[in-house]
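Protein chains: 6
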Amino acid sequence: MALQDYKYEHFLVDSPAPFVAHVQINRPKKLNAFHRAVWLEFRQVFDRLSADPEIRAVVLSGAGDRAFTAGLDVQAAGGDFANASSPDASRNATALRRNIEEFQDSVSAAEKCAKPVICVLHGVSIGLAIDLATACDVRICAEGTRFAVKEVDIGLAADVGTLARLPRVVGSLSWVKDVCYSARDFDAGEALSVGFVSQVHKTKADAVAAGIKMAAFWGEKSPVALQGTKELINHSKNHTVAENLRYTTIWNSVMLQSSDFQTALMSGLSKKKPRFEKL
Amino acid sequence: MALQDYKYEHFLVDSPAPFVAHVQINRPKKLNAFHRAVWLEFRQVFDRLSADPEIRAVVLSGAGDRAFTAGLDVQAAGGDFANASSPDASRNATALRRNIEEFQDSVSAAEKCAKPVICVLHGVSIGLAIDLATACDVRICAEGTRFAVKEVDIGLAADVGTLARLPRVVGSLSWVKDVCYSARDFDAGEALSVGFVSQVHKTKADAVAAGIKMAAFWGEKSPVALQGTKELINHSKNHTVAENLRYTTIWNSVMLQSSDFQTALMSGLSKKKPRFEKL
Amino acid sequence: MALQDYKYEHFLVDSPAPFVAHVQINRPKKLNAFHRAVWLEFRQVFDRLSADPEIRAVVLSGAGDRAFTAGLDVQAAGGDFANASSPDASRNATALRRNIEEFQDSVSAAEKCAKPVICVLHGVSIGLAIDLATACDVRICAEGTRFAVKEVDIGLAADVGTLARLPRVVGSLSWVKDVCYSARDFDAGEALSVGFVSQVHKTKADAVAAGIKMAAFWGEKSPVALQGTKELINHSKNHTVAENLRYTTIWNSVMLQSSDFQTALMSGLSKKKPRFEKL
Amino acid sequence: MALQDYKYEHFLVDSPAPFVAHVQINRPKKLNAFHRAVWLEFRQVFDRLSADPEIRAVVLSGAGDRAFTAGLDVQAAGGDFANASSPDASRNATALRRNIEEFQDSVSAAEKCAKPVICVLHGVSIGLAIDLATACDVRICAEGTRFAVKEVDIGLAADVGTLARLPRVVGSLSWVKDVCYSARDFDAGEALSVGFVSQVHKTKADAVAAGIKMAAFWGEKSPVALQGTKELINHSKNHTVAENLRYTTIWNSVMLQSSDFQTALMSGLSKKKPRFEKL
Amino acid sequence: MALQDYKYEHFLVDSPAPFVAHVQINRPKKLNAFHRAVWLEFRQVFDRLSADPEIRAVVLSGAGDRAFTAGLDVQAAGGDFANASSPDASRNATALRRNIEEFQDSVSAAEKCAKPVICVLHGVSIGLAIDLATACDVRICAEGTRFAVKEVDIGLAADVGTLARLPRVVGSLSWVKDVCYSARDFDAGEALSVGFVSQVHKTKADAVAAGIKMAAFWGEKSPVALQGTKELINHSKNHTVAENLRYTTIWNSVMLQSSDFQTALMSGLSKKKPRFEKL
Amino acid sequence: MALQDYKYEHFLVDSPAPFVAHVQINRPKKLNAFHRAVWLEFRQVFDRLSADPEIRAVVLSGAGDRAFTAGLDVQAAGGDFANASSPDASRNATALRRNIEEFQDSVSAAEKCAKPVICVLHGVSIGLAIDLATACDVRICAEGTRFAVKEVDIGLAADVGTLARLPRVVGSLSWVKDVCYSARDFDAGEALSVGFVSQVHKTKADAVAAGIKMAAFWGEKSPVALQGTKELINHSKNHTVAENLRYTTIWNSVMLQSSDFQTALMSGLSKKKPRFEKL
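Residue numbers (UniProt numbering), protein chains in the order written: chain A, 1 to 279; chain E, 1 to 279; chain F, 1 to 279; chain L, 1 to 279; chain D, 1 to 279; chain Z, 1 to 279.
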C-alpha cells in the first residue's frame, strides 16, 4: 500500500492491518503538544486519509509513554496568537477570529474524515486532547490516563471543539459541566462510567492493540455502508429526526445501488468473507 | 372493548388491561421478519390505536420464543426493492426513494402514535428490531436477547430510523458508533448499562408481563396529561429549549382547561382513583 | 460584601465562601412550595446575581429538613391561574399563556444566570423541583431524596422546563419517558446511575457543604473563562456543532483579549493563586 | 394517455398537452367551494399525479366563470368541524387538531407533488384560494380576479397554509401583513406588482391557455431536471444556504448520472428536440 | 377609555378611534432622538399596550414636523455606552453586551406587542428609525421622508434590529445590501417601489390619518383573529413551513373555540357589524 | 498597492480606486466560461482578497464585450466530471459529490469574502453566471444583458448556488420558479423590476464604471462597520431574528470598541473625511 508516502514532520502514519491507518502524534519529548505547524499537518493527514481508497478505518494515538497530548505547546504557540498586539480590540478580534477558525478546522478534520476514527488515549490527555477525542468516533483508553478539560485553568473557554461536542458525546450534562467548569482531572474509570470512552485497557500497548483490532474489524466491512453510517450519525446529531430521515432517503437512494449490497448478501449466504471494491 | 375488531394478517392485537393494547408481531415461524405487507399493516395498526379513545398505552412485542424480529424477510422483501432495475441510476434512485419513505413512515407510526408505546424485546432482535425499538418510548427486554444494528453487514447504512434516533436514545455516542459501525451483537446487560433498555427480566413472559403492568399503570393516568407529555418530550428532542418552552405554552394554554386537571386534583385530595373522560 | 442587601421574603441569600452565593428557598413549613410571589422573587434573585460582580458561582438549596421543594403551593397558587373563568376557551387560553410564560421565565432565570449554579436537592423534590434542578448546571443530592416528575398525576404535562430540559440532561430517553409518564418516585441512587445528579451525600448538610465547596473551587477560577464556558455549553445544546463553533469563535475573539488569560498563565508558571478582576 | 382514468366527483382532470395534466375544481354552482370530501379528493388527485410517469407539469384552475374558489363551503363544511361540542376545551382541541392537520395535509399535496404546479386564478379567489395558490409553484391570473385573505373576517387566523407560505412567496412583509390583517380585496394589478402572480391575462380563457402553454413548455424538459429543481427550491426556502448546498450535493450525486444529462447535451449539439425517459 | 392613564415623559399616547392607540415619540426639538431613558420607556409603552384589552391596533409616529426620529441622541446617549472604559477588552465587551441586549429588547417590544403596529414615518427617518420601523408590522410614510440605514457612517454595524429584519421585510437583497453598506439616503418613492412601505401620502398629517384609518379598520375585526394572524406570520418568518403549520394547528385548536368565530359568522349572515369580546 | 502581485491565469485583478479591487474573468474568447482550473483560481482570488487589508470592496465583471460568463466550458470541463465511469452508481456518486462540493466551495468564496462584492453583468450571463451573481452582494448590469438559469436545459438541477440563493435574493417566488423551471431568458428590465439587479446602465462600460464608483464609495467607509454589516446580513438570512440579534450582540460587543467608532464620530463633527486603520 501507499501509506509509505505519508511522510510528515509531526506524525507517524503506518498501516498495521488491511485498510487501516494508524496515525501517531509524534512529539513525545514535548508530551505531543501542538503548535500551529502541528495542527496544520494534522489536517493534511486526515484530509488525505479521508480520500484515500486504500483506507477504511483510522486509529489515532500519541507516541511515547507519557501522553496522548498535553494540549497546546504554549512556548511554541506563543507566536501563533501574537497578532493580538494592536491597541484596537476590534482589529485584534479579527486576527484572533482567523486563528481560531483555522485551529477549529484542523481539529474538525477528524470528524469530517469520511472514514471512522478510533481515538486511543493514554497518559496525559488534557486540554486539546479532549477536543481531538470528541472529534473522533470511538474513544478507548489505557488505565492511568489522566483526563482534564483544562482550558478554564488558563483563563479561557475551550474553543476548538470540546464545548461543542462533549455534550453530544456523553449523556450526563451535570457531569459535563462539572468537568468543564472545574478543570479537574478524571480517570479512566470515570470516563468509562459516563460513556466518554468505550473500553479501558491495562496498558497503552493493550489499548492501541484493541484500537487496531477494532479498526481492522471495521476494515472488512463494506466501505459504502461504513462511510454512510458515519455520515448519517453525524448528520443526526445536528438535525431533527424528520430532516435526518429525509437526508437518509436521498443518501441511500443511490447507495443501495452499490455492488456492496449484493456482495454482502452473497457472502452472507455463502459464508465467505466478502471483498468490496475500493471507495 | 372494541379491540376485537383489530383483525390483521401479521399482527395480534388484544387488550390485557384497561386502556391497554398489546400488539404482537405475528410471524413467529419467520422470526417475525418484515416484508412490505407487514410494514404497511404495522402502520395501519398504530395509526388506528393513535386515534382510538379506548386505548391510552400500547405494548409492542414479538410472538413466539425465538425473536422480537430478525429484521427484513430478505426472500419475501426481494421484490419490494426490485424496481432498481433501470440502467438509469437516477430513475432507480427515484423508485428507491419512494420505497424508503414508505418504510420510514411505517416505522415512524410508533413514534407518531399519540399514546406511549413500550417495546418488549426478546430473542433475536437485530436490524429492523432496533429501528422499531427506538421509535417506541420505553424499551424493556428479556435476558438472552441478542441485539445488533446489523445493517452494515448487509452492505448498507441503516435507513428506517436507527441512525436518526439511537443517538437521541442513549447518552454515549462512542457506544452508538461502536455498535453501528461494527454490527456486533450486544446483550441485555450491555443494553441496560448504556440506557438503551430500562429493565431486564428473566424470561420473555416476565418482560411482557412487566410491560403490560407498566402500560396498565399509565392507563390509569389522565390521557390529556400522558399524551401531552409524549408530544412535548418528542418535540423537545427536535427543537431548542426556547422553542420547546414556547410550544409547551401554546399546548398547555388549552390543555390546562381540561377537566382532567380538576379530576386529578380532586382525586388527589379524596385519595380516590380518578376516572378520566375518553380522549 | 454586599450580599447583606439581598433581603427577600421567600429566599435566604448569603455568601459562605469568597465569590459564592448560597440561595435557599425559605418556606420550610410549606415544604418550600411556590406560588406566584415566590417565583417572581426567584427571578429577581437570579437576575441580580447574574449581574453582580462579587459573585462567580451560586448554590441553590431548600431550607429545612423536609424538602428541597414540594412543587406548587396549590392552595396559595389557586388564584394565580384563576383567570381561566371565561366561558370562552380562547380567552382563557390567552390568560393562561401569559401565566405560563411568566412562570417559565422565572425558572429559566437560573439557566440564564451568567454564573454557574449548583442545585443541592434533599427530601421531597418533586414536580417543580425537577424543573428548577434541570435549569441549573450541576445537580447533587442527599441520600433519601425523593424525586418525581409529578405533573402527570395532577392531570397535566409539565410546562415550566422539565420536558424541555430533562432529555438534554440525562442520556437514556427510555428512562426519561418512564419517569415522566409514570410520575413514579425515584431515589438518589437511581438519579446518580442515570447521570441526573453528579454526587450523593449522606445528609443534607453534607450535600450542601459539598455544593459550597464545589462553588468555592469554581470561584477561584477566571470569571471570564467560567462564564464563557457556561454560555458556550448552553449554546451547544441548542445548536449544531458548526453553529456553535462559529459562535465560539466570535465569543473568544474578544474574551481571549482578557487579562485573565495572562493572569492564569503567569500564576501557572509561578505556582501562585491567580487573582482575577471583577466581571 | 391514462388520464381518462382520473375520474373524480369534484375535479375534472384532462391532458391538454403532452405530459401536462389540467385539474379543474368542479363545483361551479357552489363557486368551487370546498368541504371535507372535496379536500380529501384534492389530495388524492395530486398524490396520484405526483407519482404518474405520464405527467411532468400540472395546471390547477376552477371550473366556471365566477370563481377559482370562494373558500370553505360553510354550509356543507359545518359538520366537518362539528365535533367541537364537548364541554371540555382540551378534548375539543384534540378533535380540531386532527381536522386541521388533515386539511393542511390536503392543501400541502400541491406543494409535495413532485411535478411543478401552475395555479390559474380568476373571479372570486378568496380564503382557501390563497392557501391553495401559495402551495403551488407559479401563479397567473385573469383580469378581474378578486383576491382576499379572508379568514380574519370570519374570526380566525388562516390555518391551512396562507400564513406559512405567503411571507415566502412575496417580498414585501408590509404588504403581506396589510392584506392578512385587513382581509381586504386586492386585484390582479396589485397581485402582479407585489409578485404574488407572474402574469395577468385578459380573460380566464386566456389565463388558462397561458398556463397550459407554460406547462407544455416545461413538459418538454428533462423530468429529472425539472423535479429536482422543484425539490431543491422548496428545500432552500426551509433551510440555510449551507444545508441546502449539502442536500443539493447528495441529490445531484445521483441525478447527474441520469441519461437526461447526456440526452440534453446531445440534443443541444444536434439542435433536435430531446426525448427523455419517463420518471 | 383608560388611555388617559398612559402618561410618559417621552411619548404621547392617545386613542383617536375605538380600540386604537396612537403613540407619538415626543421629543420634537431633539428630532425625536433616543437615549436610554427613551428606549426604556418605549418598551414600557408597548408592553402595556400588548396586554391592554381596550386596544386592538397601534399607530406609531413621531411628534413634530421634522422627524420620525433622527436615531440616537449621541450627546445624551454618550453616557449610556460609557462603561467601555476598562483597559480589559473582555470586560468592556461584557458591559456592552448588556447595553445592546437591553436596547434590542426595547425595540423588539413593538414586534412582540400582541397587537399589530403601523409605523408612520416622515421627515428625518434614519438609523434607529429603520430599526423601529422594521419591528412594526406595516409601514406607511409621507412624501419627503428621508430614509437611511445610517449606522455604517458612524463606524458600526446596525445592532438593534435593522440587519436582522430588513432582509425579511423587503424582497430584493441587492437593494438591502446597497442601502446598508452605503448608508445612503433613499426617498419615499424608492421605499414604496421596493416594498419597504405600503403607502405614501402627501403630508405627514395625511399619512397619520391613513395610519389611524387603517388601525381603526383593524380594530373592528375579531381580536382573536387579528392577534393570531400577527403571531403566526411572525412565527412563519422564523421557522420552516412544516413547523409553522404544526404550530398553527396547536394555536387554532383552541382559538377556533372562540366566540369570535360564531360572532363573525353570524354578523356576516345578518350583515351587521360584529361586536367582539375583549381580549 | 500590492495588487500588482495578483497574477492569475484566468483573472485580471487591478485597483481602479483606493481600497477597491476589480476582478475580471479573463477568458473572453471562450465567453468567460469556466472549467475546473478556472473555478479553483476564482476561489484563490477571493480568499486572498478577503484577507487583504488593502482592499475594502470588490467588483466582479467579465472581460470582453460578449459575456459576463456563458457558464461551464463543456468541452474543457468534460474531464472534470469524467470519473462517473464506474459501473457502480454509489462509487460514481462519491466521486461526483467531491466534485460538486469543490465547485460549490469555489463559488461560495464570493459570499464568504469578508469584503462586499458588486457583480457587474453584461452580455451572455447564463447558468453559472447566476450562481456567481447570487453569491455576490449587489448586482448591477448593462442593457442587453441576456440572463438565464440555464441548467434545466442541460438536464440537471442547478447545483452550485442558484437554487439555494435566488429565493433569498428576490421576493417573488413565482418568478423564481418560472425562470428556474423554464430556463427561459430574461432581460435587464425584468431583472430590475423583480429586484435581481439594483441598477441598469446603457453599456457595459457604464455599468462597470458605476460598480467601481459604488465600491469606491464603500471603500471610504469604516472597514469594521462594512465587514460587520456583510457578516450580519448574511447571518440574518440563515437564522431566526432572535438568533441573529444574539449573534449581533456578541459581534458588536467587541466591534464597538473599534477606533473606527471614534474616528467616524469625530469626522462627522469636523466635517472631514475620516481615515480608518487597515483591517
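Don't read these hints as lab results, they were simulated from the structure. Any given hint might turn out to be false.
Identical chains blur together in the list; that is why a pair holds if it fits in one copy or across any two.
Computed list of lysine-lysine pairs in BS3-like fashion (alpha-carbon distance at most 30 Å, straight line) [stated by the list, open to error]:
1) 29 / 237
2) 213 / 273
3) 278 / 202
4) 271 / 7
5) 112 / 278
6) 237 / 112
7) 237 / 273
8) 112 / 213
9) 272 / 7
10) 271 / 29
11) 29 / 273
12) 272 / 29
13) 112 / 30
14) 237 / 202
15) 30 / 278
16) 202 / 271
17) 273 / 7
18) 272 / 30
19) 273 / 30
20) 30 / 271
Looking at the structure, which of the earlier hints fail to hold? Going through the list in order, the structure violates hints 1, 3, 4, 7, 9, 14, 15, 16 and 17 and respects the others.
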